Structure formats: C-alpha cells, structure tokens
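Chain by chain, the residues run as shown.
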Amino acid sequence: MNAEYNFAYLDEQTKRMIRRALLKGVAIPGYQVPFASREMPMPYGWGTGGVQVTAACLTPKDTLKVIDQGADDTTNAVSIRKFFEKTAGVAVTEETREATVIQTRHRIPEQDLDETQILVYQVPIPEPLRFLEPRETETRKMHALEEYGLMHVKLYEDIARHGHIATSYAYPVKIEGRYVMDPSPIPKFDNPKMEMAALQLFGAGREQRIYAVPPYTQVVSLDFEDHPFERGGAQQPCGLCGAHDSYLDEVIMDDAGTRMFVCSDTDYCRARREAGHIGAMGVPNAEDAA
Amino acid sequence: MINIENVSKNFTLHNQNSVVIPVMQGANMLVQPGECVGLTGSSGAGKSTLMRMVYGNYLTQAGRIMVGDLDIVTALPRQILDLRRDTLGYVSQFLRVVPRVPTLDVVSEPMLAVGVTREVAHERARILLTKLRIPERLWSLSPLTFSGGEQQRVNIARGFAHEYPAMLLDEPTASLDIANRETVLSLIEDAKARGAAIIGIFHDEAARARVCDREVDVSIFTPKAA
Amino acid sequence: MTPLLQVTDISKYYGSRLGCRGVNFDLYPGEVLGIVGESGSGKSTLLNCLAGHQEPDSGAVIFDTRADGPKDTVTMSEPERRMLSRTDWAFVHQNARDGLRMGVSAGGNVGERLMAVGARHYGDIRGTAIDWLDKVEISDERTDDRPSQFSGGMQQRLQIARNLVTGPRLIFMDEPTGGLDVSVQARLLDLLRGLVRELGLSAIVVTHDLAVVRLLADRLMVMKDGHVIETGLTDQVLDDPQHGYTQLLVSSVLQV
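Residue numbers (the numbering used here), protein chains in the order written: chain A, 6 to 295; chain B, -2 to 223; chain C, -12 to 243.
By construction, these hints were calculated from the structure, which means they are not laboratory data. Misleading hints may appear alongside valid ones.
[Unchecked claim] The calculated DSSO-like cross-link candidates involving lysine-lysine, where the alpha carbons are at most 27 Å apart (straight line), are:
1) Lys159(A) with Lys122(C)
2) Lys146(A) with Lys58(C)
3) Lys87(A) with Lys179(A)
4) Lys20(A) with Lys66(A)
5) Lys91(A) with Lys146(A)
6) Lys66(A) with Lys29(A)
[Stated by the list, open to error] Some but not every residue of chain C turned toward chain A, in silico, with C-beta under 8 Å:
7) Thr62
8) Val91
9) Gly98
10) Glu99
11) Met102
12) Arg107
13) Tyr109
14) Gly110
15) Ile112
16) Gly114
17) Gly181
18) Ala198
Just so it is clear, the structure is predicted and the values come from calculations on it, not from any experiment. Built from N, CA and C at the ideal position, the CB exists for glycine as well.
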C-alpha cells in the first residue's frame, strides 16, 4: 500500500458520509439516497460510484474481487483492483468464494453469495423512470407517493411494439413491495439472484446516489399478469465448461464468423473446469481458449 | 300550467350612456293545461320577449312566472335547466345546432336528455321527420345546409320530440307550405289533447284561429312613453 | 342534492398583482359551467386554483369525494389530491402536448391511468384503451402510434380518452377547442356534449370563444380583471346580458 494515500483513498470524513448514506439505503431498501460524490482519479462513467462505496466499506482484513461483465481480467476490473491494492493494500482474489467484498459492473456472479459478503454494483443511471419522465422533481414525487404507473407503461409499450417485454438488462424491480429500483445494467437473467444472503450496495458517482438491498429482501421483477417475467437464458451450454445455468458471452473466433459461447463469469467457468467439467470446445484444465 | 303575474322587464344599455328601456309592465296571463294562448301585437310589441322571459332566456325585473311549481323569476339556474329538459319546450324561430351533427341526432337529443334509449329516440325522430316531410336522404346530414323551410321543420321535430307539459312556440308555421303547416298544426292539437299548456306566436291568422283558444295582445303591457 | 363542487371565496394574487378574487359558485352533477373572459381576466388562474395546479391564497374548493363525502381539496394532502386528479378528476389542456406523453403510444397514454391505479393485465388494459379510442373516434389501427403522429384534433380527442378512462366525475377544460380548425372544433364539441350527457359528467370549461360556450355550457360566468362580473344560464347571459362589459363582449362577436 502506498503511504501517500489514506486507507482506500478517501478521507475518513468522506467515508463516514458515505456510510451514513449506506445505512439510510439499507434502512429503506431500494430508496435512492443522495450523497456528495467525490472527485475520483477516474472519469465519470468508469465506476466512480462503485469505487466510493467499496472504499467506504473496506477494512484491512477484507479480500477484494473486482469484475467487469463477469470477467476479472478486463482493463476496468484490473485497474480498479490495482487501485485498491495501491491505496488500501487489501488482499485481492479472482475467486468469488474467497472474496469478502465484490465490486461488479453489470453482472452478478453465478456462485451463490453468503451472509459474510458484500456485493457493490456500479450504476450509471440510478433512476428507473428517467427516460420516461425527465424531471427529477417529478420522479422524486413518484417514488415518494408510490406512483409507478409509468413504469408499467414502459413495459406495455414493449409488448405493444415487440409482442413481449423487450427490456433485457436493467430490468426494473420492486423492492420489499415498495420502491421500484433500477438494478443497474445487469442482464435480466441475473434478476432472480437478487434475492440473496449477501448485502447488495449500489453506487452512482455521476448521479450522486446510493441505494441498497439488504440480505433476504424481496425483489420482484415487474411484469403483467398475462406477460410474466422471463429471465431468459442461453439456448446452449458453455463451450468451455458445459454449464447450462450460467449467463454466456458470445465470442467470435475468426474472420469467418465462427462463434462460441462461454460463461461470462470467468471464475465460475474456471472452477467448473478445474472440477472436471468440459464443454464441447473445451480442453481439460486449459486457460481461456479465446 | 303557466301563470304570468304582474311581470315587468326593461333593458339597460350600459354602453349607450346606460339608457334604460322599459319594454313590459304589469303583464298577466294564465294558461291552463290543454290550452293554447296566442300572443298578438305589432312587431316589437314584446311577443318574443315575453316568451323568452317565460323560458328564462331573458331576465324578468319584477313579478312572478310560474311554470308548474317553479317561479322562473327567482329559480336557480339548475332548476331552470331541469325544467327545460323535462317540462318546458321551446321552439324558437332559429335553428341553433352544433355544426356537422346529423339531423337524426339533432332531433333525438331532447329524448336522450330525458333518458330515452338511442334506438327508441331514433325511431321517434324518424317518425317525426317523416311526418314533416324531411326526406330520408337528409337525415344523416347536418341541417345547417338545408333550406329555411327545412330547417324550420327540423326545429319543430326537435321541439316536439319530447312530450313537454308546457310549450312555447315562436312562429312555428312561418316559411312552411300548406301541407307542412297542416302537419304542424295537428302536432299542436295533439299536444293540447294530451294536456300541454301552450303559448304561441302565429303571424298567420288562420293558424292562430285554428289552434289558439284565446289571444292576448301584448301591447297592452307596453309601458306608455314618459 | 349535494353539489359536486362548492367553491367559496377563491382568491389568488401574484405578488401584488391580482389573479382572481372572491369567486363563489356551486356545481352539480351533470352541469357544464363555462368561464369566459378576455386575456388577463383571471379565468386560467381560477381554473388552475380549482384543479389544484396552483394554490389559492384563500378560499375553499369542496369536492364531494366518493369515499369521504365533501372535502376541501385546497387543504387536502398532496398525495390525496394527486390521486384525485388521476381518478375522479380530469384535466384537458389547451395544448395536447401538456396533457399527453408524446413519446408513448396512444394505447399507452390511455392505459397509463389504469396502470397507475393498479391494473396489471396487459390484454385487459389494451382492450379498455381501444374501447376508449373508439369512443373518441380514433381508429384502433392508430393504437400503437405516437401522438406526435396525430393531427391536433386527434391529439385533443386522445387527451379526452386518456382522462376519461378512470371514470372521473368532474372534468376541467382549458380552451379545449383553441387552436383547432373550425371543422374539427364542431366534432369535438359534439363529442364532449355526448360524453357529458352519457357519463353524467360535470365540467368546467374556460374559453374566450362565446360560440363554443353557448354550445357546450349550461351556465356561464363572465370574468373581468380577476372578478366574476356576471353569472347565470348561458343563453340568458348571452342573450340578455346585464353587465356593461358582458354587453360589450356579446356585441363584439363577429357574425359569419
């Protein structure tokens, strides 16, 4: 850890301010708590909200995992992991099971999380109604008065236009039967996982909002009686590990357009392969083929 | 029953030095159910004025106008509206309608207003329009495009669509040929037969003689010049 | 019979400038009240105060609610008033853009109020929306089109359908035919009259057009400089105006 920085970069007062916001968020699941987002050494849109929440939660004994679209080895995941190694000196890991704090962009790990873990989401636009109702004054009132008809109008429009609800990510959910929330741009495939044992925290740096879903909280994806929520899923198993139940990425193999589908969650795929599962295009115990 | 008691009216023209024009004073008239009273008097004597006062279209400055149990002079607007819908019919000289509404609907409207179903209303409207010799091909058109005589007949059809216990008829036979005038007069006789109290203005003496039981010359109510 | 709306002594000032003052009237079920006046008369201020869009400085607007009987909507809590304006009240704006979601389909616009009060069956919502579009003479082929693709008259009719779908008992209208072609106005007026009669609606219509008010309103209030200067049956106020300003107004109408 670099001694020039306070632990996890942020000063203690800022961390306390963020923790107060987090406590409010936990007390009112799904409610967007405004907070004074700080200048971070990365631009808006690169996870500053998630980073601030993680920074406020980390203790020296934590083990941190950072994923981006399920992968530990993309540029963003690597940068943020290195950032915390430098400023907090905490242990880092790629194994979901080993981590105590997991910061994620746009995916929930396939591996079930437990009560000792915290999942921190990076959120671009926290307001689920934003694109239907641009006025912040109005959306705040709508949340306060539980006026969510407009949310269903969006789903209605989808069905009218496409025959089914076309929203495939950032699919709106209702928390504990009260607040409608944007779960961040995770695929709707991940929505059912949001009813979990771990604490889920959401940070939007540019929009300056924090919200939370405590463990074992009811999370219901919005739908219609005659068009119930469908999580979707792959039509085929992972090419590397053969998993049928994980979210897959499509990978183009060559200029001819040959493609394979592999688990988006790299750690999950690796663990399955280590355990002996082999997919159609996989090689025993090999690293990523693509 | 219509009872006009000691009624007076004047007009105040504020934009012409607030000149006050008294047009009626001490008017009295009683019309029994089944009776038709004809208003006479020269043009400008106040025939239409009196009729409009009974309808509530003009304000009355003094006196009482009883239509059934309601005194028009002191009634609330709401009460007059109810009266006009259920009890008091008025056939004016001019056809006033919403543009582009078909004739059949124009004639049906008073019936719909009292709760008659659309089918029944349309059926009765057809009967009336047929009686008044409005060709069927015109029923789906707006009457505003019709000739003066045709408009008058649509006006009458509308006026007689609902069986009002009291009716005010302002020149109902004007601009009608003999056949149609005959039809209108028999409509009036039917109304009298069912007990309606009617006040009418007829320029045509023969028509007046036929349906009116009495005549009242309204010029006796005109205030004498100062 | 209890009045549907009892308005007592409504006043609204903009700083020291008078919006409207001392307005009193009752409105009964099935009645249409017209409010006319020229620009600056205070009629729009009054309408906004009645409909809860603005808060009056004094006075009461007592509405006979379904659940709790007569209640003063001025002192009602905001959530209650917002609920009222989505269910038992309707507001037709002069400019359809203010009363519609231009980025949402016609069906979605009509269905929104239903979804806002808990409807969760897509098929039923769509069916009801199509019924209402039919009532306002919008072809069901246009159900999925956006209002931005509609003519002005159609947008106004869509606004009416959107408002009436929850069966309100009181409808506020601000220049409902303003800006529409004359030919379109006529059909809209007839539609409004039919709906008022069929559904037993009460309506308060603000307009500067005397011809519209004669055809639409049973009773009339004439406003000038923030005050009501004359009130009565529409035909009586227009045919036998008592106040000097009303006489001026009536005599100024151009003949066609």
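Evaluated hints:
1. Taking the CA atoms of Lys159(A) and Lys122(C), the gap is about 24 Å. The hint holds against a cut of 27 Å.
2. Distance hint between Lys146(A) and Lys58(C) is fulfilled; the C-alpha atoms sit about 23 Å from each other, no more than 27 Å.
3. About 35 Å separates the Cα atoms of Lys87(A) and Lys179(A), which puts this hinted pair outside 27 Å; it is violated.
4. Restraint check for Lys20(A) and Lys66(A): satisfied, since their Cα atoms lie roughly 17 Å apart, inside the 27 Å limit.
5. Distance check on the hinted pair: Lys91(A) and Lys146(A) sit about 42 Å apart at the alpha-carbon level, beyond 27 Å; violated.
6. In summary, the hint linking Lys66(A) to Lys29(A) is supported, as the alpha carbons are separated by about 25 Å, within the 27 Å threshold.
7. Among the interface hints, the one on Thr62(C) is violated; its C-beta lies about 18 Å from the nearest C-beta in chain A, farther than the 8 Å criterion.
8. Against a cut-off of 8 Å between C-beta atoms, the interface hint on Val91(C) holds, since the closest Cβ of chain A lies about 6 Å away.
9. With 8 Å as the threshold, the beta carbon of Gly98(C) comes within range of chain A, its nearest partner Cβ sitting at about 6 Å, so the hint holds.
10. Interface restraint check: Glu99(C) against chain A, minimum CB-CB distance 5 Å, threshold 8 Å, status holds.
11. For Met102(C), the suggested interface contact is upheld, since its CB lies about 4 Å from the closest CB of chain A, less than 8 Å.
12. For the restraint placing Arg107(C) at the interface with chain A, the shortest Cβ-Cβ distance is roughly 5 Å, inside the 8 Å limit, so the hint holds.
13. Contact between Tyr109(C) and chain A, as hinted, is supported at the beta carbon level, the nearest pair being about 4 Å apart and thus within 8 Å.
14. With its C-beta approaching chain A no nearer than about 5 Å, Gly110(C) sits inside the 8 Å limit, and its interface hint holds.
15. Interface restraint check: Ile112(C) against chain A, minimum CB-CB distance 7 Å, threshold 8 Å, status holds.
16. The closest approach between the C-beta of Gly114(C) and any C-beta of chain A is roughly 11 Å, which is over the 8 Å cut-off, so the hint fails.
17. A least Cβ separation of about 28 Å between Gly181(C) and chain A goes past the 8 Å threshold, and the interface hint is therefore violated.
18. Here the hint on Ala198(C) is broken, as its CB sits about 37 Å from the closest CB of chain A, past 8 Å.
In terms of the numbered hints stated before, the structure departs from hints 3, 5, 7, 16, 17, 18, listed from lowest to highest.
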